[in-house]
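Colleague: Full structure from sequences and hints, please.
Here's the letter readout for the chains.
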Amino acid sequence: MTSDLKNLPIWLSTIAVVFVVSIVASISMADDRPLTPRSIPKFSGTEVSQRVERMISGVNWHGDFDQAMAKAAEEGKPLFWLQVVGKLDGGL
Amino acid sequence: MTLSEPKIIELLKANFVCGWRNIQGVETYAGKSHDHAVASSALHTTNGAGGRNVQLLFVAPSGNVLHCLPGYWDPDGFVHEVEFILELAKLDASDLSILEKRDQFQLAHLNHAAHHTEQVVKDSSLQGFDKMKEEKTDGSDFRRKTDGSVMRTVDQVMHERMARRPLLNMSRFDIENVVNYGTRFYDKYGDGCCDLEKGKPTMPKQKKGKMDKGSGGWKEKG
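Protein sequence lines correspond, in order, to chains G and V. Using the working numbering, the first residue of the first sequence is number 1, and each one after it goes up by one. Using the working numbering, the first residue of the second sequence is number 1001, and each one after it goes up by one.
Since the hints were derived computationally from the structure, they do not count as laboratory data. Some clues are possibly wrong.
Derived contacts from chain G toward chain V, CB cut-off under 7 Å, selection only [what the hints assert, rightly or not]:
id, residue
1, Arg33
2, Thr36
3, Arg54
4, Gly58
5, Val59
6, Trp61
7, Ala70
8, Lys71
9, Leu79
10, Phe80
11, Trp81
12, Val84
13, Lys87
14, Leu88
No more than 25 Å apart at the CA atoms, straight line, and that leaves these computed lysine-lysine pairs for BS3-like [unchecked claim]:
id, chain 1, residue 1, chain 2, residue 2
15, V, Lys1101, V, Lys1007
16, G, Lys71, V, Lys1007
17, G, Lys77, V, Lys1007
18, V, Lys1122, V, Lys1136
19, V, Lys1032, G, Lys87
20, V, Lys1101, G, Lys77
21, V, Lys1090, G, Lys71
22, V, Lys1136, V, Lys1032
23, V, Lys1101, V, Lys1032
24, V, Lys1013, G, Lys77
25, G, Lys71, V, Lys1032
As the structure is a prediction and not an experimental result, all values here were calculated from the model. Glycine is no exception: its CB is placed at the ideal position from the N, C-alpha and C atoms.
Modeller: Here you go:
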């Protein structure tokens, strides 16, 4: 019993260290966590609409390839060119 | 749904000029699909599914094509490819000769494919109806060289196809061949098919009898 009491601060220190390490690890891993939501088999129509709106408003989308390419050359950035059957904001 | 992920939006804004176009009825390689309103639900699928319906092209400021991801690409796989593409952009902008750049471009694509994780490879399996089509295609690059079975995945085949097109200018890039695999028809309901080549898909077996006849959608076979 006396021995247990003497070890108590060590146990507490150990728990504290583990706790702090866990928090730090969680924070440092936050940006690396998987983005692909494998546990969600289906997005609802409402969520799809919200996501489409977010995608359209979040990025400055060019509609003309030559103009976009000229802008890419001017800024020295690659062009991300999306081709779809349908419209970005109007469904397929 | 990949492009609506906040992290991916930030990635695109920070590193790319972005643009898009509708290829429906414009390009001969454009695929077919049922109509879908914006507010219809969305399912997860495999990387490369619907390669004729969606193409994600990455073009260097010089006009040379760095990569083409056909169809759906999940968020983690997409981020992994974008990191690789940004390295290719540095290669294209370097002072190396064009021959050296092309050599390195080829090696980079093949090495990158060889280092894809098991998860990426697993997530890039052909859809059932695309696999059926490839099994009927002589010389398909989806066939394994060991036993000839159509077991290879879209992530691997796409890097190989890009390696055969080293830093081609967009004006010379034969996208119709790059996205040429599987069927012309793709729909989010997956393996339900169909008279695909005639554009008359039927309802998936597990969905039969569950859809409202008045809602349009799947056509009856025959």
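Colleague: Now look at each hint and say whether the structure bears it out.
Modeller: Structure-based check of all given hints:
Given hint, Arg33/G at the interface with chain V, is violated; its Cβ is 10 Å from that chain's nearest Cβ, farther than 7 Å. Satisfaction of the interface hint for Thr36/G is found here, the shortest Cβ-Cβ separation to chain V being roughly 4 Å, below the 7 Å cut-off. Look at Arg54/G: its Cβ gets to within about 5 Å of chain V, closer than 7 Å, so that hint holds up. Nearest Cβ of chain V to the Cβ of Gly58/G: about 4 Å, under the 7 Å cut. The hint holds.
Because the closest C-beta pair between Val59/G and chain V is about 5 Å apart, less than 7 Å, the hint holds. Satisfaction of the interface hint for Trp61/G is found here, the shortest Cβ-Cβ separation to chain V being roughly 6 Å, below the 7 Å cut-off. Interface hint at Ala70/G: violated, since its Cβ lies 9 Å from the closest Cβ of chain V, which is beyond the 7 Å cut-off. Annotation: Lys71/G was flagged as interfacial toward chain V, and the flag holds, the nearest CB pair being 5 Å apart, inside 7 Å.
The restraint placing Leu79/G at the interface with chain V holds, with a minimum CB-CB distance near 4 Å, inside the 7 Å limit. A distance limit of 7 Å between C-beta atoms decides the matter here; for Phe80/G the minimum to chain V is near 4 Å, and the interface restraint holds. Proximity of Trp81/G to chain V holds as hinted, the smallest CB-CB distance being about 4 Å (cut-off 7 Å). Given hint, Val84/G at the interface with chain V, holds; its Cβ is 5 Å from that chain's nearest Cβ, closer than 7 Å.
Of the supplied interface hints, the one on Lys87/G holds, with its beta-carbon coming within about 6 Å of a beta-carbon of chain V, less than 7 Å. For Leu88/G, the suggested interface contact is upheld, since its CB lies about 6 Å from the closest CB of chain V, less than 7 Å. For the hint pairing Lys1101/V with Lys1007/V, the CA-to-CA distance comes to about 30 Å; that exceeds 25 Å, so the pair is violated. With a CA separation close to 23 Å, the supplied pair Lys71/G and Lys1007/V stays within the 25 Å bound.
A threshold of 25 Å between alpha carbons decides the hint, and for Lys77/G with Lys1007/V the separation of about 18 Å falls inside it, so the pair holds. With a CA separation close to 23 Å, the supplied pair Lys1122/V and Lys1136/V stays within the 25 Å bound. Distance hint between Lys1032/V and Lys87/G is fulfilled; the C-alpha atoms sit about 14 Å from each other, no more than 25 Å. Of the supplied pair hints, the one linking Lys1101/V and Lys77/G holds, its CA atoms being roughly 18 Å apart against a limit of 25 Å.
With a CA separation close to 18 Å, the supplied pair Lys1090/V and Lys71/G stays within the 25 Å bound. For the suggested pair Lys1136/V and Lys1032/V, the alpha carbons sit about 20 Å apart, so the restraint of at most 25 Å is met. A distance of roughly 37 Å separates the Cα atoms of Lys1101/V and Lys1032/V; the hinted pair therefore is violated under the 25 Å criterion. The straight-line distance between the Cα atoms of Lys1013/V and Lys77/G is roughly 10 Å, inside the 25 Å bound, and the hint therefore holds.
Under the criterion of a C-alpha separation no larger than 25 Å, the hint pairing Lys71/G with Lys1032/V is inconsistent with the structure, at around 32 Å.
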